[in-house]
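**Student:** Build the full structure now, drawing on both the sequences and the hints.
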Amino acid sequence: MSKQSNIRNFSIIAHIDHGKSTLADRLIQECGAVSERELGVQMMDTMDIEKERGITIKAQSVRLDYVKDGEHYILNLIDTPGHVDFSYEVSRSLASSDGALLIVDASQGVEAQTIANVYIALENDLELIPVINKIDLPAADPDRVKEEIEHTIGLDCTDALEVSAKSGIGVKELLDAIIKRIPAPEGDKNAPTKAIIYDSWFDNYLGALALVRVYDGQIHKGQEIYVMGTKKKHEVLNLMYPHPLALKKTKQIKTGEVGIVVLGLKNIGDVQVGDTITDNKNKTAHAIKGLEEVKSFVFAGLYPIETDKFEDLRDALDKLKLNDSSISYEPETSVALGFGFRVGFLGLLHMEVVKERLEREFGLDLIATAPTVTYRVEKTGGDILEIQNPSQLPPVNEIEKIMEPYVKATILTPTEFLGNVITLLNTKRAIQEKMDYLSVDRVLLEYSIPMNEIVMDFYDKLKSVTKGYASFDYDQSGYKEGDLVKLDVLVAGEVVDALSIIVPKQNAQSRGRDFVKAMKEIVPRQLFEVAIQASIGNKVIARETVKSMGKNVTAKCYGGDITRKRKLLEKQKAGKKRMKSIGRVQLPQEAFLTVLKLD
Amino acid sequence: MLIYLHIPFCDSKCYYCAFNSYVDKFDLKTKYMQAITKQLQFELSLFKPAKNSIKSLFIGGGTPSTVEAKLYERFFEILKPYLKKSAEITTEANPNSASLQWQQEMMALGVNRISFGVQSFDDKKLKFLGRNHNKKTALQAILNAKKAGFENISMDLIYGTAKDTKMLLLNDLKIVKSLPINHLSAYSLTIEKNTPFFQTPDVANDSLVLAKFFTKEIKNAGFPQYEISNFGSYQSIHNLGYWAQDDYMGVGSGAVGFLKDSRFYPCKNIEKYIQNPQNRQIENLSKEALHVESIFLGLRCKLGVKLANFNQKELEKINILLNSGKLRQLNDRIYNSDYFLSDEITLFITD
Numbered sequence: 000m001s002k003q004s005n006i007r008n009f010s011i012i013a014h015i016d017h018g019k020s021t022l023a024d025r026l027i028q029e030c031g032a033v034s035e036r037e038l039g040v041q042m043m044d045t046m047d048i049e050k051e052r053g054i055t056i057k058a059q060s061v062r063l064d065y066v067k068d069g070e071h072y073i074l075n076l077i078d079t080p081g082h083v084d085f086s087y088e089v090s091r092s093l094a095s096s097d098g099a100l101l102i103v104d105a106s107q108g109v110e111a112q113t114i115a116n117v118y119i120a121l122e123n124d125l126e127l128i129p130v131i132n133k134i135d136l137p138a139a140d141p142d143r144v145k146e147e148i149e150h151t152i153g154l155d156c157t158d159a160l161e162v163s164a165k166s167g168i169g170v171k172e173l174l175d176a177i178i179k180r181i182p183a184p185e186g187d188k189n190a191p192t193k194a195i196i197y198d199s200w201f202d203n204y205l206g207a208l209a210l211v212r213v214y215d216g217q218i219h220k221g222q223e224i225y226v227m228g229t230k231k232k233h234e235v236l237n238l239m240y241p242h243p244l245a246l247k248k249t250k251q252i253k254t255g256e257v258g259i260v261v262l263g264l265k266n267i268g269d270v271q272v273g274d275t276i277t278d279n280k281n282k283t284a285h286a287i288k289g290l291e292e293v294k295s296f297v298f299a300g301l302y303p304i305e306t307d308k309f310e311d312l313r314d315a316l317d318k319l320k321l322n323d324s325s326i327s328y329e330p331e332t333s334v335a336l337g338f339g340f341r342v343g344f345l346g347l348l349h350m351e352v353v354k355e356r357l358e359r360e361f362g363l364d365l366i367a368t369a370p371t372v373t374y375r376v377e378k379t380g381g382d383i384l385e386i387q388n389p390s391q392l393p394p395v396n397e398i399e400k401i402m403e404p405y406v407k408a409t410i411l412t413p414t415e416f417l418g419n420v421i422t423l424l425n426t427k428r429a430i431q432e433k434m435d436y437l438s439v440d441r442v443l444l445e446y447s448i449p450m451n452e453i454v455m456d457f458y459d460k461l462k463s464v465t466k467g468y469a470s471f472d473y474d475q476s477g478y479k480e481g482d483l484v485k486l487d488v489l490v491a492g493e494v495v496d497a498l499s500i501i502v503p504k505q506n507a508q509s510r511g512r513d514f515v516k517a518m519k520e521i522v523p524r525q526l527f528e529v530a531i532q533a534s535i536g537n538k539v540i541a542r543e544t545v546k547s548m549g550k551n552v553t554a555k556c557y558g559g560d561i562t563r564k565r566k567l568l569e570k571q572k573a574g575k576k577r578m579k580s581i582g583r584v585q586l587p588q589e590a591f592l593t594v595l596k597l598d
Numbered sequence: 000m001l002i003y004l005h006i007p008f009c010d011s012k013c014y015y016c017a018f019n020s021y022v023d024k025f026d027l028k029t030k031y032m033q034a035i036t037k038q039l040q041f042e043l044s045l046f047k048p049a050k051n052s053i054k055s056l057f058i059g060g061g062t063p064s065t066v067e068a069k070l071y072e073r074f075f076e077i078l079k080p081y082l083k084k085s086a087e088i089t090t091e092a093n094p095n096s097a098s099l100q101w102q103q104e105m106m107a108l109g110v111n112r113i114s115f116g117v118q119s120f121d122d123k124k125l126k127f128l129g130r131n132h133n134k135k136t137a138l139q140a141i142l143n144a145k146k147a148g149f150e151n152i153s154m155d156l157i158y159g160t161a162k163d164t165k166m167l168l169l170n171d172l173k174i175v176k177s178l179p180i181n182h183l184s185a186y187s188l189t190i191e192k193n194t195p196f197f198q199t200p201d202v203a204n205d206s207l208v209l210a211k212f213f214t215k216e217i218k219n220a221g222f223p224q225y226e227i228s229n230f231g232s233y234q235s236i237h238n239l240g241y242w243a244q245d246d247y248m249g250v251g252s253g254a255v256g257f258l259k260d261s262r263f264y265p266c267k268n269i270e271k272y273i274q275n276p277q278n279r280q281i282e283n284l285s286k287e288a289l290h291v292e293s294i295f296l297g298l299r300c301k302l303g304v305k306l307a308n309f310n311q312k313e314l315e316k317i318n319i320l321l322n323s324g325k326l327r328q329l330n331d332r333i334y335n336s337d338y339f340l341s342d343e344i345t346l347f348i349t350d
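Taken in sequence, the protein lines are chains W and E.
Following numbering that gives the first Met the number 0, the numbering of the first sequence begins with 0 at its first residue and continues without gaps.
Following numbering that gives the first Met the number 0, the numbering of the second sequence begins with 0 at its first residue and continues without gaps.
The set of hints was computed from the structure by calculation and includes no laboratory data.
Watch out, some of these pointers could steer you wrong.
Claimed, not checked - No farther apart than 27 Å at their CA atoms in a straight line, the calculated lysine-lysine pairs in the BS3-like style are these:
| no. | chain 1 | residue 1 | chain 2 | residue 2 |
| --- | --- | --- | --- | --- |
| 1 | W | 288 | W | 232 |
| 2 | W | 566 | E | 312 |
| 3 | E | 123 | W | 564 |
| 4 | W | 546 | E | 123 |
| 5 | W | 555 | E | 123 |
| 6 | W | 179 | W | 220 |
**Tutor:** Printed below as a string of structure tokens:
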């Protein structure tokens, strides 16, 4: 029924908050895939955390039917995440598309992520359709925004579309443009099956699922397929078209189409993203060039508060990995926290999301330690160590030099905040590489920044010094030597290894002072006075004291109802269970992330 | 063994009170007072006290003085043989309703101790708390108790309210000192669910400075402290019995009873209680629960806790507390040096 020439595979790329998910929802509705009633809050964001935080983490896909001039079209919309932490998901989505809508907010203009995503799209030879969104807002200035796109990206905006995803203005025209301008998928339907897995996840009922784009031939139910990377054969149990509400079963996925392949697998490693699927008997000659593997670059320890929950945490991580292949983890031990894992993340937001999912979906109480990057330590003997945990840093006399990773950061800001932004960057040991006025009131900055300085809360700080107007993106750019030392924190006289951080020597003193001050605010009063100290080597450089508690008693008449009194105490006890005992001191979970509270 | 009798009637409801009491349903008083005798007989068959063995009866509420004395007669008649000759027999009373006559009649029944819900002598504070009496009626009621012949007179005070100042609390104590009382309970205002104050939690003032000041001044006024909230040259047998984990019968709608390792809760709904006064919910207490209770009860008062009660892990904690002066040891018991920390210390030990 559907012709290959009537298929359109496209993504939507946009900066966060420029209305990507809203537009996706609007397109779905326009094509009648869901009714107005079903169109809840942000259809395409299905995870609880996505809805609560208003961000897209996992790219979703949906197959839409659209009729124009009597012709029946299949539109495969591949949603992409907008946050900088999840840009690898963007690359995957774009790799399986033939075109992309570039959404730019009509009042905000081009942002750092817009640029980053356009580069990915151009690398994939995608047909780009510029779409100016939110044109019905009072501050909308589509002409200025078009000019900006042409200036910064070099994309012709003569035929840019003006829409309002929220009210539906211009959406019909946009659909027509998709059909007219985005090329139909190429591919030989008579060639052997050749499809790329561009996403995979684990479903509790169906097992590991692979979302594929078929380049040549087709996949049909019952077919014996062969996964070229893992070199394993499987039987196709079922096939489905993607849809946010109800997956639609199908007998086959044809050339140029996208669809979900059900193989009944328990192990998601068998359907790894980037791998090629072909027919077992009639194999294609060459696998599709794989997608770049995701690499985590922010690391933190995750420890169960109750030490006997270590195996539960391992199970939870194993299961989570099925749905989020971007995390990596290895067991580690801490003197203070016991057994846990050193987990690799894509960024700080990703770390927060992972921790929250582990706690919510698996009922664990976890302590996360300060996020850190991978340092390369050259020892005096010539050995090179890669360090993802500050407490593993060798003694000073064994270190020849410490190398730290840098990123190339792109920042776009209104000129009125330029001073603030540069001041912020100066505190982050950042080196300016480029400054480009895009217009009278907008500046593009390029900086080289130690990654350690941006993994914490740089993005939040940048937002706050620019009233939310600046945008930011970054790329890893290699290692440079750094003048770094390890800062230890002592609680009641004992070094707590999980609190150690690596800091630049030049501001170690002030960091130490700020650190203990921030800790003092976080640690609640206890039966005993608690000294909190910062030290470098064996030298204490700062100290604060948490005074001992004055009162914790219910001085109330309860007569013989002693159970009530005991229950009140048990409630308090449950609250304390969420804290970690270090000797006779109890530290709340947040204490281990004190470093995020520093300026 | 002890016995507690609950009278769930009040003339008005105080803004902070979460106890079981009714300000209407007065037509049920007679039936209720018959029901308690039924329950009492049932409890006696269950607790099986020996004759002359019960060391204390406490009539609380609610407001016992809202019920005329003669309605208590049958209850006393049945209980009398089991009470020790020297038993402490206390009734709570509201300054408004505890007339001289009522007090005299209760004394005639055998009551030998009376405890007034005074809360404060400051009229503004009384109004703020929703009390229905004032300074004048409170003073009159206490003087009447003396006149009736009570030797053991106690009263309750509340602190930790937004109205409190050092001056106000000192003024209350000045009056206390002039009265013929030998016991004082001072409770900190606690905001409970299902009370009018729950909507306005800022009525409380949880100042440690004020609490410590008040406690110190009460002691200075000649009332030695024997529990976080209880003071006096006379120390209540009933109170100490609760804290030593003695068995107690709990009679009445809203009372609680305790025998070995169970707690009994008669029906809180007064109509249902009258229908079947023997109905109760039973809570079975684990060894661990009883253990925790023995610790926090002992640490809140002068009784302390027997060292033999603690396991090895707890003893390590206790050593830390002894070394830092939070606890003191005398013979085979440990005692709390600062009642204000008793919950925190319990949590530390049992963690």
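**Student:** Now, for every hint given, state plainly whether the structure supports it.
**Tutor:** Hints, one by one, checked against the model:
no.	hint	in the structure
1	288(W) with 232(W)	holds, 20 Å
2	566(W) with 312(E)	holds, 22 Å
3	123(E) with 564(W)	violated, 30 Å
4	546(W) with 123(E)	violated, 36 Å
5	555(W) with 123(E)	holds, 22 Å
6	179(W) with 220(W)	violated, 32 Å
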